[in-house]
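Using the sequences and the hints, build the whole thing.
What follows is each chain in one-letter form.
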Amino acid sequence: MKPIWSAKKALIWTLLAIGAIIMMTPIIFMFSASFKYNDQLYDLALISSEPTLSNYVYLSQNTQFLTWMVNSFIVAIIVTLSVLFFDALIGYTLCKFRFKGRTVIFVAILSTLMIPTEMLVIPWYIVAKDLGILDSYLGLIFPGLMSGFGVFLMKQFFQGVPDEYLDAARIDGLNEFQIFIEVALPLVTPALSALAIFTFLGNWTAFLWPLIVTSSADLYTIPVGLSSFSGEFQSEWQMIMTGAAVASLPTIMIFLLLQRYIIRGVILGGLKG
Amino acid sequence: MAKVSLKNIKKSYDDTQILDDLNLDIKNKEFIVLVGPSGCGKSTLLRMIAGLEDITAGDIIIGDKIVNHLEPKDRNIAMVFQNYALYPHMSVFKNISFGLRAAKLAKAQIKEKVEAAAKILEISDLLERKPAQLSGGQRQRVSIGRAMVRNPEVFLFDEPLSNLDAKLRNSMRAEIKKLHQTLKTTIIYVTHDQIEAMTLADRIVVMKDGKIQQVGTPLQVYKKPANKFVAGFIGSPEMNFVEYADKFLGIRPEDIYLKEAAPTLKNQKSISGKISAVETLGPESLITITSGNSHITAKVPGLFKGKIGKNIDFVFSMTDSHSFDKKTEERM
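Quick mapping for you: the protein sequence lines, in order, are chains D and L. Taking our numbering, the leading residue of the first sequence gets 5, the next gets one more, and so forth. Taking our numbering, the leading residue of the second sequence gets 788, the next gets one more, and so forth.
Careful, some of the hints might be misleading.
Simulated pairs of lysine to aspartate or glutamate, EDC-like, Cα-Cα distance not exceeding 16 Å [said to hold, decoys possible]: (1) L:Lys971 with L:Glu817; (2) L:Lys860 with D:Glu180; (3) L:Lys1086 with L:Asp1107; (4) D:Lys104 with L:Asp801; (5) L:Lys1092 with L:Glu1066; (6) L:Lys1010 with L:Asp1042; (7) L:Lys891 with D:Glu186; (8) D:Lys100 with D:Glu168; (9) L:Lys881 with D:Glu186; (10) L:Lys860 with L:Asp841; (11) L:Lys998 with L:Glu909; (12) D:Lys100 with L:Glu840; (13) L:Lys965 with L:Asp1033; (14) L:Lys1114 with L:Asp1033; (15) L:Lys1011 with L:Asp1042.
Derived from the structure by calculation, the hints contain no laboratory data. Bear in mind the structure is a predicted one, so any value in this text is a computation, not a measurement.
Here's what the structure looks like:
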């Protein structure tokens, strides 16, 4: 019989534990700081001697935090839905149909992954200005409606879907769009969940573009709103920490809800076993 | 119920010719088996009849209609795939009824059709299960059920038994035969397994390199193979070929006897050689001898006790042998 604890296992677990501590510390510190008064902030005690909810009360009553949260939700959800639909559709088309220029289109889409956001914000700004959508929801949303990464991810996953499923559905009399919705999409739910998580988190925490495109506080998203607590001469760290703590809750919940779908199990069930 | 005609069918991808000027008439209610080695174009042909693959030239006629440009759903066909292609996220009931729901049939009617098909296929108690919870044989039944409820004029089977184990394959083969007798539809069945071809077919179509080599009843193809390829492909173990004057002489292993145990044969010839292999199958044995450059295999009844390396005499009747032209390899 093998021993339960081998040296290799001990090493792996130690490394994982160190990694976990490094990752968790800032998050724990953030939650801890949100229950402290400003003058206790640099006291490193995990639990303050006089814990307080005053930061939370101030955040909800004296700032537009709730509006920012709603804005963040609106932007992240619309962008996520749009990315799921369009990226899956494009990935499916590039994967399952043969047409002239297919490779060129795919490479062109892939190449957008190499351009950093910092380089894109100026063209985006010009487009938004010309379209008259600066400082609006549409302006916040439009750059994210489709993503090269999502197209790539979905195309790769659709490669694992055997063509026989699609052929069977064609014979069953479905049109190509119905086949995509009713047969192909359910077979790639693990990929859709992963893409949904990435996209939602990416937009929930997006800072640069929302900062540039919005000018009225009514349209701020959470990161932009939180940055307004940071002034030229001093930063209200306890408020930033409290806001960030609240903002992190939905992301934690979404991950817990969706993580079980990131299992690539269902897809082979209907084929030879 | 419909006949199917293929007229001057051609298929090529870029410069590669897959099917070359193919003609075939399939009668109403006929069970046709397309057989040939992999890459001979038989599956491509089936997919073209289904409408899943474009044709480069020619006409496909189902019933009285040219269907070249019709969608698969409008061709009155149903297809059973090698890997079943059951949708893993749907129950057996939903899998079978998928096409009917797409055609917007009334719920009661769908239920009736699915239950009738399930009864014939003996899967009535599996309707609520997911494909992953079924055995290979059950999955194949479900995929046949999905084809049945469409009431097609033509059933297309693409190597439906290839993924099953030998025992299950035998019983499913018998069931498909029975199904054909019950449903009385035209069936076009693709396989690379000559036993399936021989046992199921009304007529066999032997294909090689995108061309039809021979069309005939199983017995015709076995007794009078049109060329050396068909002769070698149909029959197990394979036919023996010996170069003889300006032709190939073909003798089936089952037509060769041990000299001492031979019945009286018309026009008898004998070959002698050293035993190079003995395979015992139980009811019969396969004995291979080496004579000059050629290896000759005989299928003899019972257990054979001769030692490898020993000299032995085989006899056969010239009347049972087949002659093929050395150049064209056509039957003479």
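Do the hints match the structure? See the list:
1. L:Lys971 with L:Glu817: Holds, because 8 Å separates the two Cα atoms, which is no more than 16 Å.
2. L:Lys860 with D:Glu180: At roughly 12 Å apart (the allowed maximum being 16 Å), glutamate 180 (chain D) and lysine 860 (chain L) satisfy the hint.
3. L:Lys1086 with L:Asp1107: 15 Å, holds
4. D:Lys104 with L:Asp801: 13 Å, holds
5. L:Lys1092 with L:Glu1066: 11 Å, holds
6. L:Lys1010 with L:Asp1042: Distance ~12 Å between lysine 1010 (chain L) and aspartate 1042 (chain L) Cα, so the pair holds.
7. L:Lys891 with D:Glu186: With a Cα-Cα distance of about 15 Å, the restraint between lysine 891 (chain L) and glutamate 186 (chain D) holds, given a limit of 16 Å.
8. D:Lys100 with D:Glu168: Within the cut-off at roughly 11 Å; holds.
9. L:Lys881 with D:Glu186: 12 Å, holds
10. L:Lys860 with L:Asp841: Holds, at roughly 15 Å.
11. L:Lys998 with L:Glu909: 39 Å, violated
12. D:Lys100 with L:Glu840: 14 Å, holds
13. L:Lys965 with L:Asp1033: At roughly 46 Å apart (the allowed maximum being 16 Å), aspartate 1033 (chain L) and lysine 965 (chain L) break the hint.
14. L:Lys1114 with L:Asp1033: Holds, at roughly 9 Å.
15. L:Lys1011 with L:Asp1042: 14 Å, holds
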